[in-house]
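Q: Just so you know, the protein sequences line up as chains E and D, in that order. Under the working numbering, the first residue of the first sequence is numbered 12, with each subsequent residue one higher. Under the working numbering, the first residue of the second sequence is numbered 5, with each subsequent residue one higher.
Treat the hints as calculated values from the structure; they're not laboratory data. There's no promise every hint is true.
As the list claims (entries may be wrong) - Capping the alpha-carbon separation at 27 angstroms, the derived lysine-lysine pairs in DSS-like fashion look like this:
1) E:168 with D:56
2) D:102 with E:13
3) E:13 with D:107
4) D:128 with E:13
5) E:13 with D:56
6) E:96 with D:56
Values in this document were obtained by computation on a predicted structure and should not be read as measured data.
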Amino acid sequence: MKPVMQICLFSLRDASRNMWVLLYSTFFALVTFGLFQFQAHSGKVAVSLMSLCLVLIPLVSVLFGTMHFYNLREFTELMLTQPVKRGAVYIGMYLGLSTALIISFVIGIGLPLLIFGMNNPSQVISVLVLMIIGSILTLIFLAISFLLAAIFDDRGKGIAAALSLWLVTALLYDGLVLFIAMAFSEYPLEKALLVLSVINPIDVARVTLLVQSDLAALMGYTGAVFDRFFGTYLGVTLAMLSLAIWVAAPLTFGLARFRRKDF
Amino acid sequence: MIQISHLHKRFGKFVALHDVSLSVTRGRVTGIIGPNGSGKSTLIKSILGLVKPTSGSLSVNGQLLNGDAEYRRWIGYIPQLARFPQDLLVHEVLAMIKSLRGKVAVRERELIELFDLDRELNKKIRALSGGNRHKLNIVISCMYDPELLIFDEPTAGLDPVSATNLKDFIQSLKKRERTVILASHIMSDIEELADDIVYLLDGSIKYHGTLRELRVQTGQPLLERAIVQVLKGNAA
């Protein structure tokens, strides 16, 4: 465990000085600050932030993770010539980068919220849930980025795959779900839509945030079904299970690929 | 020091190494030469465990390479391209390697002074010149005084003064009875430094012996001409 922590701390120190990580934090801080200027109600600020986080966190995580992996390729080789197991290098780098991005995100939205304050405890919970979901999305999309970089030796192909995956999960998937909902509108689709939502990590994150912030009521009957399902222990457990699988699966496959990889 | 037996390595359809068997003697400098794409880097990366062999076996210091990383304590590797995380300080990179190895870096101070890196220790990696990065790489790889040192194209990209200093350093390793492997396509470097020669072509060993034997066998004092003579002999 010791080499993993050493590489993690080292990777965290390197990433925390990276200009893009600092910009990421600054961007969230400026947007949150701006939202407070235009919207007096802090609950609405949380909702606007939620929409931004669901698009931006996966994009930044998957792109930054892939590019970071390629940029450190020669140094990764140097670490692999030390008496350290490959698994320790991979997991250490992943944990270090994840921690840097999560801290950057939490500080970015946390500082303005601390300054402007929350009106009531439910809003505090909303923001905390947003921070947790944002952190989980970071873990998921960084794990995916490391997997893609471990698969593709060519930097261009790796980045193209990362962007394509973000495009599908963040944008196209919703279009597909909407198309299915319209094409089969005469059938009872609630259960099918529930299943489809659990498959895509961004949808799981979105539904969890919506249900938690009481906005599901605005979504009509389907929203009520979602609220009823994801408001239960079973629903929450399934959503968390889906997110956990989305972290563990790419991490496991990426590690297996990294162990076999030729440098 | 190193035993390689029937080593094959394939990248897709490309055969990088074909039935390579080799024994590297302790305390000698072995030059691995060959044109670009002949398999030099693949061979040394196989010894380092960076490339996984398709078949065959390797052992270093009597330990069979089977995925365990501990044998790398005996090895220092100096790659052709020295790249480190740009935003770290030089002393932080050194500290990181030391924390991973966990033992006292016996030659650290001596090497920092030898390569005149004292003034660079508090600089960011991105502020270092290419030559200084290469020197840092040498310090990292040699500060534990490993028994085996592997240099990949050691003088490529270095100015004449740095290249000469590096060659002097390799000579000093020889005097300390360290085993050194040099992979290069610069024949003059090999002629100056190596005791033994391995000539690779298309992933196969075409010649393995001492530099002296090669010269005597071919009647050619120059390594380049001696190799051509060997190839003509093989063709005939």
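Q: Would you check the hint for residue 128 of chain D and residue 13 of chain E, treating anything up to 27 angstroms between C-alpha atoms as holding?
A: Holds - the C-alpha atoms of residue 13 of chain E and residue 128 of chain D are around 26 angstroms apart, at most 27 angstroms.
Q: Is residue 13 of chain E close enough to residue 107 of chain D, meaning Cα to Cα at most 27 angstroms?
A: holds, 14 angstroms
Q: Mind checking the alpha carbons of residue 96 of chain E and residue 56 of chain D for me, to see if they're no more than 27 angstroms apart?
A: Roughly 14 angstroms between the alpha carbons, so the hint for residue 96 of chain E and residue 56 of chain D holds.
Q: CA of residue 13 of chain E to CA of residue 56 of chain D, is that 27 angstroms or under?
A: Within the cut-off at roughly 25 angstroms; holds.
Q: Holds or violated: residue 168 of chain E and residue 56 of chain D, Cα atoms, limit 27 angstroms.
A: holds, 23 angstroms
Q: Within 27 angstroms, alpha carbon to alpha carbon, are residue 102 of chain D and residue 13 of chain E?
A: Holds. Residue 102 of chain D to residue 13 of chain E sits at ~13 angstroms (cutoff 27 angstroms).
Against the hints set out earlier in the document, no violation occurs for any number.
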